[in-house]
Amino acid sequence: MTRATSIAGFDGSEAATAAVRFAKAFGAGTDDEIVAATVYGTMPYRVAVVPAGWTSGFTRVAVAFDGREASQTALRAASTIATRLGARLVLICVYDPAPYLWATGDEPSPALGDDPAQRAIFDREITLVVDGLPSVLATEVRTPPGSPGQTIVDAVQDDIDLLIMGSRGYGPVRSVLMGSVSTFVIDRAACPVLVVPRPADRTVGSPSATLDAERA
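For the sequence shown, this note's numbering gives the first residue as 2, with consecutive numbering after it.
Some hints here could point you the wrong way.
What follows is a set of in silico ranges between Cβ atoms, one per label pair, in the way DEER data are often shown [claimed, not checked]:
| hint | residue 1 | residue 2 | range |
| --- | --- | --- | --- |
| 1 | R189 | P117 | 29 to 35 Å |
| 2 | R120 | D188 | 16 to 22 Å |
| 3 | G58 | D155 | 20 to 26 Å |
| 4 | A118 | D188 | 32 to 38 Å |
| 5 | G87 | R143 | 28 to 34 Å |
| 6 | D124 | G87 | 24 to 30 Å |
| 7 | Q119 | G58 | 35 to 41 Å |
No lab work stands behind these hints, which were simulated from the structure alone. Just so you know, even glycine gets a beta-carbon here, dropped at the ideal spot from N, CA and C.
Given only the sequences and the hints, what does the whole structure look like? Please build it.
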């Protein structure tokens, strides 16, 4: 195992403020090395992935948000974490007009083109989300267009200190399962990424969980 970088205090529970365990280091050379850290708290664990050599503080905490349940869970965690750190919360809401799905329930909407009217709906939905956040929390919204994976990576490249994402669910031993987007982002993000599992009553294999997993 090569050098490791620590991260602490991101579980949101009082018991987890500074309790961190390194789980695995991997990569192809020093420049690509990353460290996966398991943050202790209540089961199931949240998982943070930290670029080796990362030493920045925490002034901007971002959350990848698309309206689905997993991202709503991530937003709640991000709001708590940003408040405790005294950091600005940045919502990254990728507008993907070609296969764009705004999930207001468990059934996907029809594919939408790059229609100004649909973009207006998207913007209004995001405004409602922001209006529901604590008023004391400094917030910023970024709505870059593009495919989710690379667009999220680009959005956190320069000035984000921590990115929080939802996960697709639990594995057989209640480990966090990564979807294609979260895996893509973890492999490429310049900042630490914290993956938050969905609530325990959302099990892998249920119809709604399966739908959410398709783009997680």
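Going through the hints against the structure:
1. R189 x P117: 29 to 35 Å: Holds: the Cβ-Cβ distance is about 31 Å, inside 29 to 35 Å.
2. R120 x D188: 16 to 22 Å: violated, 30 Å
3. G58 x D155: 20 to 26 Å: Taking Cβ atoms as reference, G58 and D155 lie about 22 Å apart, which means the hint holds.
4. A118 x D188: 32 to 38 Å: holds, 36 Å
5. G87 x R143: 28 to 34 Å: For G87 and R143 the Cβ distance comes to about 20 Å; the hint is violated.
6. D124 x G87: 24 to 30 Å: holds, 28 Å
7. Q119 x G58: 35 to 41 Å: holds, 38 Å
Checked against the numbered hints above, the structure violates hints 2, 5; every other hint is satisfied.
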